[in-house]
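Residue-level listing of the chains:
Number of protein chains: 2
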Amino acid sequence: MRLTCILLIIGAVVSCKQAPTQNKSTTTLAPVYPAKELNAAFLIVDGVYNSELIAPMDVLHHTKFHVNPFIRVFTVAQHQDTITSFEGLKIIPDYAFTVDSIPAIDILVVPSAAHSMDEDLQNEVLTEFVRKSGKEASYFMSLCDGAFVLANAGLLESYECTTFPGDIQRFKESYPRLVVHEGISFVHDRKAITSAGGAKSYDPALYLVELLYGKKVADGIAQGLVIDWQLNEVKHIAVGR
Amino acid sequence: MRLTCILLIIGAVVSCKQAPTQNKSTTTLAPVYPAKELNAAFLIVDGVYNSELIAPMDVLHHTKFHVNPFIRVFTVAQHQDTITSFEGLKIIPDYAFTVDSIPAIDILVVPSAAHSMDEDLQNEVLTEFVRKSGKEASYFMSLCDGAFVLANAGLLESYECTTFPGDIQRFKESYPRLVVHEGISFVHDRKAITSAGGAKSYDPALYLVELLYGKKVADGIAQGLVIDWQLNEVKHIAVGR
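Residue numbers (the numbering used here), protein chains in the order written: chain A, 56 to 296; chain B, 56 to 296.
Some hints here could point you the wrong way.
To be verified - Listed next, the in silico SDA-like pairs over lysine to any residue satisfying Cα-Cα at most 20 Å (straight line):
no., chain 1, residue 1, chain 2, residue 2
1, A, LYS290, B, ASP283
2, A, LYS145, B, LYS187
3, A, LYS119, B, ALA169
4, A, LYS119, B, GLY102
5, B, LYS187, B, GLN177
6, B, LYS290, A, ASP283
7, B, LYS145, B, HIS170
8, B, LYS290, B, ARG245
9, B, LYS145, A, ASP101
10, B, LYS145, A, THR137
11, A, LYS119, B, GLY221
12, B, LYS145, A, ASP283
13, A, LYS145, B, ILE157
To be verified - A short list of chain B residues far from chain A (calculated; beta carbon distances all over 10 Å):
no., residue
14, HIS134
15, ILE157
16, ALA159
17, LYS187
18, SER193
19, GLY209
20, ARG232
Hints are computed from structural coordinates only; laboratory data are not their basis.
From a predicted model like this one, the values you see are computed outputs, not experimental measurements.
We treat Cβ as the ideally placed atom computed from N, Cα and C, and that holds for glycine.
Extracted from the complex, chain A is given alone in its bound form:
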């Protein structure tokens, strides 16, 4: 599956361990066109950041107005209790993974949360859910410090990645074996799509849509979200599919 020849590095890449050859490419992605509806699960915990949850959710959800089969989105949490986001939004999870039978997850999305770098990493039930569902998924995506949760679950071993700009150093120190990029919006390395987060959390999701369904679908979704989407204007690294 890995196409090492597909190496898109758009814009400035600041530094990385074992940095791959830096290259500019205008290669157009050949869409995958999935034959079936895909399930995208958004992992939510208390303290989840609104933007990192919502931006990719909106992009993936809106596929249903542009392509068929499309991406079905839902939230998953450890328990059935209401989740309170970092900004105070009270959210009822669609599924509690310790109780409910969850649809097979094709795309696991891990937004950052207030404790993505400490308490959440000590949560063994959460970590095991991320490990198992990430391994079984076709893609796992982190926004901002969600990369810590993925790395803690062992999912980023052998994958190039990135995280929130202000936490790059801590990420490198916590996981010294990982190849970590900075100064970019997102990194795609086969199953792993990791990203800087914040308002830039639309980028990795639009990229994934373009990868799966083509530029026309990504452009249509972007237009609805008042985004002038030009993949080659977004700083990112695509190591392979």
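Following the hints, position chain B against chain A.
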């Protein structure tokens, strides 16, 4: 309160009825520095669009990490029932305005929803709440088609405004007396801040923060949201404070 001399028009302004003199200005806003905590109420209805709700909520909420007194954010809905957003997120409102005693609203935020242009406009209870709380607030802000809800409540009479790019024509036809701008991210006219919405919904909120608390606070919030915030690079119109 209206300072007609403050006319910032940054970037291209495409067209408007009774278009004001177009001007470029690098005028720096003198922050208001509110002496008390401000309450920002986010109106939510079934079908509310995630991004239009979340982007301004995140910006205003994050003031608490940069300034004191800050902005307190909460959601308000007509009923106490769970709200399901357009993208399927299940949200429990903080207050039901038909039941609860709501804190005095300083900033009323109206995100767009699936029925902002039709059914919601027939809802007299909702309309009356918007009219009353908008009149009493220091500012009312719309994201995307939330402008229809404000206009329907009579709040935009005598204010220049904008809405979602794809619905500009319908907005002009529905409210022919209004001065409607297009091709911009947002319009600020005294109490009214109306905006294009989508992923650009961060802009009007960052602008309001800069207006109230200064550029340093806006910059700090933007940095946390991975936004390179430069007000003079955002297409907007500020008619007056």
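Each hint, compared with the structure:
For the proposed pair LYS290/A and ASP283/B, the alpha carbon gap of about 14 Å is at most 20 Å, so the pair holds. About 26 Å separates the Cα atoms of LYS145/A and LYS187/B, which puts this hinted pair outside 20 Å; it is violated. This hinted pair checks out: LYS119/A and ALA169/B have alpha carbons roughly 15 Å apart, not beyond 20 Å. As the CA atoms of LYS119/A and GLY102/B are separated by approximately 15 Å, the hinted pair is consistent with the 20 Å bound.
A C-alpha spacing of about 16 Å is found between LYS187/B and GLN177/B, which places the hinted pair at or below 20 Å, so the restraint holds. The hinted pair formed by LYS290/B and ASP283/A meets the criterion: a straight-line CA distance of about 14 Å does not exceed 20 Å. Restraint check: the Cα-Cα separation between LYS145/B and HIS170/B comes to about 17 Å, which is no more than 20 Å; the hinted pair holds. Between LYS290/B and ARG245/B the CA atoms are separated by roughly 18 Å; this keeps the pair inside 20 Å, and the hint holds.
Proximity of LYS145/B to ASP101/A is assessed by CA-CA distance (about 15 Å); at most 20 Å being required, the pair is judged to hold. Straight-line distance between C-alpha atoms of LYS145/B and THR137/A comes to about 10 Å, which keeps the hinted pair within the 20 Å bound. In summary, the hint linking LYS119/A to GLY221/B is supported, as the alpha carbons are separated by about 19 Å, within the 20 Å threshold. With a C-alpha separation of about 29 Å, the suggested pair LYS145/B and ASP283/A falls outside the 20 Å cut-off, and the hint is violated.
For the hint linking LYS145/A to ILE157/B, the alpha-carbon distance of about 17 Å falls within 20 Å, and the restraint holds. Distance check on HIS134/B: its Cβ is at least 15 Å (rounded) from any Cβ of chain A, clearing the 10 Å threshold; non-interface status holds. With a cut of 10 Å on Cβ distances, ILE157/B stays outside the contact zone with chain A, its closest approach being about 15 Å. Listed as outside the interface, ALA159/B is consistent with that label: its C-beta sits roughly 18 Å from the nearest C-beta of chain A, beyond the 10 Å cut-off.
With a least CB separation of 24 Å from chain A, LYS187/B remains clear of the 10 Å interface cut-off, as annotated. Distance to chain A confirms SER193/B as a non-interface residue, since its nearest Cβ pair spans about 21 Å, more than 10 Å. Its beta-carbon lying about 26 Å from the closest one in chain A, GLY209/B satisfies the requirement of being farther than 10 Å from that chain. Under the 10 Å C-beta cut-off, the non-interface status given to ARG232/B relative to chain A holds; the minimum distance is some 26 Å.
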